[in-house]
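Enquirer: Below are the chains, spelled out letter by letter.
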Amino acid sequence: MGEKTYTITSPVMGTFYRSTAPGEKFLVEEGQKINASDIVCMIESMKIFTELRSEQSGVVKKILVENEDPVMKNQPLIEIEPN
Amino acid sequence: MLIKTILIANRGEIALRVIRACREMGIKTIAVFSDADKDSLHVKYADDAVNIGPALSRKSYLNIDNIIAAANKTKADAIHPGYGFLSENTGFAKACSDNNIIFIGPSAQSIAKAGDKSAARQTLSDLGIPIIPGSDNIVSSSDLACDIAARVGYPVILKAAGGGGGRGMRIARNKDELVTAFSIASGEAGVAFGNPDIYLEKYIEKPRHIEIQILGDNFGNYIHLAERECSIQLRYQKLIEESPSSFVDETFRAKLGKTAIKIAKSIGYTNAGTMEFLVDKNKNFYFMEVNARIQVEHPVTELVTGVDIVRQQILIASGQMLAIKQEDIRLNGWSMECRINATDPRDNFMPSPGQIESIIFPGGPGIRIDTHIHDKYMVTPFYDSLIGKLIVWAENRPTAINRMKRALSEFEIKGIETTIGFYQKVFENDDFQKGNIDTHFLERMK
Chain A
6 MGEKTYTITS
16 PVMGTFYRST
26 APGEKFLVEE
36 GQKINASDIV
46 CMIESMKIFT
56 ELRSEQSGVV
66 KKILVENEDP
76 VMKNQPLIEI
86 EPN
Chain B
16 MLIKTILIAN
26 RGEIALRVIR
36 ACREMGIKTI
46 AVFSDADKDS
56 LHVKYADDAV
66 NIGPALSRKS
76 YLNIDNIIAA
86 ANKTKADAIH
96 PGYGFLSENT
106 GFAKACSDNN
116 IIFIGPSAQS
126 IAKAGDKSAA
136 RQTLSDLGIP
146 IIPGSDNIVS
156 SSDLACDIAA
166 RVGYPVILKA
176 AGGGGGRGMR
186 IARNKDELVT
196 AFSIASGEAG
206 VAFGNPDIYL
216 EKYIEKPRHI
226 EIQILGDNFG
236 NYIHLAEREC
246 SIQLRYQKLI
256 EESPSSFVDE
266 TFRAKLGKTA
276 IKIAKSIGYT
286 NAGTMEFLVD
296 KNKNFYFMEV
306 NARIQVEHPV
316 TELVTGVDIV
326 RQQILIASGQ
336 MLAIKQEDIR
346 LNGWSMECRI
356 NATDPRDNFM
366 PSPGQIESII
376 FPGGPGIRID
386 THIHDKYMVT
396 PFYDSLIGKL
406 IVWAENRPTA
416 INRMKRALSE
426 FEIKGIETTI
436 GFYQKVFEND
446 DFQKGNIDTH
456 FLERMK
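Going down the list, the sequences are from chains A and B.
First residue of the first sequence: 6, per the numbering used here; consecutive thereafter.
First residue of the second sequence: 16, per the numbering used here; consecutive thereafter.
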C-alpha cells in the first residue's frame, strides 16, 4: 500500500497555487478521486500560469505544499495513489 | 519646470529608462522597490528609494496605498507608472490626483474610457472606425462568454481589461475550452494587473499586428509617430518589433495615423499612447485597443523619429504644449528590437529564473541596450521574464537585420536560459528577411 505513489513536481521555480484564480475553490483536496489529465494545481512563474495535470487517475494522497508558497524547480508538490 | 521630483512606480529596465530621462532633464528621481529588488539598479540610480513591501507584486508594485505614501513622504510632484503593474489602473491615476500628484499618463477618465470596451466600441463604430466583433461589456461569467461566442462564432479570444502583454489572454475553439480558459484568463489578469475583468472578441486568423504611437498634449494638439510592426509574437507576447513596417506605405501610414488620432481625440486621450490594429493581407484594419501607457517597444520609434518619448511624456504632464509638429516627423532608417526574456526556447519557453553568472553585452555602431541586469544579478520568479531589450538602428531593413545578427552573436548571458539563441534563428529565416510575417509566424517556424 502506498508503495507506488506518483508525484507531481514543479516544472519551474515559482509560486504554488491550489486554485485557477485567487479566491476560487481549490482544484483538489486530499482523498479526492481524480482522472488522468485533470488539472490539480497551478504554478506561477514570471507572471505566467502553468496548469499541472495528473498523468494518471487515482486518489490525491498528500498535498505537500501550502497554497501561495514559493517552490523550486523539480520540487514534489502532490502525491497521487494511482488505481 | 513644474515637475521637480518624479517617483517611478515600476522596476526593471523601464524604471531605468524613466530615471535616465529625468536625469537628463535635471529632475530628481525616487525609486520604489520590493524586498526582492533591494539591490536593483533602479534603486542605485535614483536619488532616493523607498521600500514598498514584499516580493509578491500585489503586496508591493500593485499596492496603491504604499506607493502613494512613498510619494507623499518624498514630496514627489509626479509619478511615472512605466508599463504593466498600475500603469493603466484608473484607481491609481485617481489616487494620484486626489493627492495632488501629477500622474504621467492620460487622465483617469481617459484610461477608464480606453478600458471601457462597451463605451469605446459604441463611440468608435459611430466614428466609422472598424472594430472586431465581440462582447460590448466586461464578460461577467463563463456562461455569458459562451453565449457571446455562440453569436460571433468560434474561435474566440479572451483578453484582460486591465492591461496587455499577453497576460490574461487565451483562445478558445469550442465551448469546453472557453469555460476553462475563462477562469484561467481571469486569474492571470488579477495577478498581473490587480483587475480580473475579461472581455471577448472573435479571433481573426493570420493577421499582422501594427500599432501607431501617438502623442497628445493638454491643449488638443496631437501627432503620430508612425507605426510599429509587432507581428513576431508567441502566445500573444510580442518578441520582436520594428519600425517602420515593410507592409505599410506612406498612404496607408497616413490613414492609420489619422485613425489613431481620431480615436485618441474621441476619448480625450492625452500624453503618449498606442493604438493597436490588426491588419489582414488586404490591408483591412481593425482597431484592437488603446495601450494607455509607454510601451516596451517604444525605443524603435525613438530611433527612427529621433523623438525621446519618455521626455515628451514628462513635458506634456508638466503642462507644456507639444513643440513637435506632424510635418517635423520624418522616418529615418530602420529600427528593430529583440526582447531578451529569461525563458527557455528549448523547453517551450518556460520561465527560466535564476542567478546570472556573467554577461557580455554587444556594442559598436547602431546598438542600444535597455536593461537592468548585470553580472551576478538574481532573476527572481516574481516578475515579468523581460530582462532586457536589444535595439538596433541602420539605414534600411536588410542592414538592420545584419546588424541585429551581429549583435546577437556578441551577446552572451551565462547562468540562465534566454531567448538570444532563438532570435538568431528568426533572423536567419527567409520569410522573416523578406517581411512575410503575421502573428502566427513563430508557430509555423518552430
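If you are wondering where the hints come from, they were derived from the structure by calculation, not from laboratory data.
Since we're looking at a predicted model, the values are computed, not measured.
Misleading hints may appear alongside valid ones.
Computed, partial: chain A to chain B, Cβ under 10 Å [said to hold, decoys possible]:
| id | residue |
| --- | --- |
| 1 | P16 |
| 2 | Y22 |
| 3 | E56 |
| 4 | G63 |
| 5 | P81 |
In the EDC-like style, the derived pairs of lysine to aspartate or glutamate whose C-alpha atoms are separated by at most 16 Å in a straight line are [claimed, not checked]:
| id | chain 1 | residue 1 | chain 2 | residue 2 |
| --- | --- | --- | --- | --- |
| 6 | B | K340 | B | D323 |
| 7 | A | K78 | B | E291 |
| 8 | B | K74 | A | D74 |
| 9 | B | K74 | A | E73 |
| 10 | A | K78 | B | D323 |
| 11 | B | K277 | B | D295 |
Where a beta carbon is used, it is the ideal one built from N, C-alpha and C, also for glycine.
Enquirer: Taking the hints in turn, state whether each one holds.
Expert: Hints, one by one, checked against the model:
With its C-beta approaching chain B no nearer than about 6 Å, A/P16 sits inside the 10 Å limit, and its interface hint holds. Taking 10 Å as the C-beta cut-off, the interface hint given for A/Y22 holds, the closest approach to chain B being about 8 Å. Given the 10 Å rule on beta carbons, the hint for A/E56 holds: about 7 Å separates it from the nearest Cβ of chain B. Residue-level restraint check for A/G63 is violated (minimum Cβ-Cβ distance to chain B is 22 Å; threshold 10 Å).
The beta carbon of A/P81 is not positioned within 10 Å of any beta carbon in chain B (closest approach about 18 Å), and the interface hint is therefore violated. Distance check on the hinted pair: B/K340 and B/D323 sit about 14 Å apart at the alpha-carbon level, within 16 Å; holds. Between A/K78 and B/E291 the alpha-carbon distance is near 37 Å, which puts this suggested pair outside the 16 Å criterion. In summary, the hint linking B/K74 to A/D74 is supported, as the alpha carbons are separated by about 15 Å, within the 16 Å threshold.
The straight-line distance between the Cα atoms of B/K74 and A/E73 is roughly 13 Å, inside the 16 Å bound, and the hint therefore holds. Straight-line distance between C-alpha atoms of A/K78 and B/D323 comes to about 41 Å, which puts the hinted pair past the 16 Å bound. Using a Cα cut-off of 16 Å, the hinted pair B/K277 and B/D295 is violated, with the two alpha carbons roughly 21 Å apart.
Checked against the numbered hints given earlier, the structure breaks hints 4, 5, 7, 10 and 11 and satisfies all the rest.
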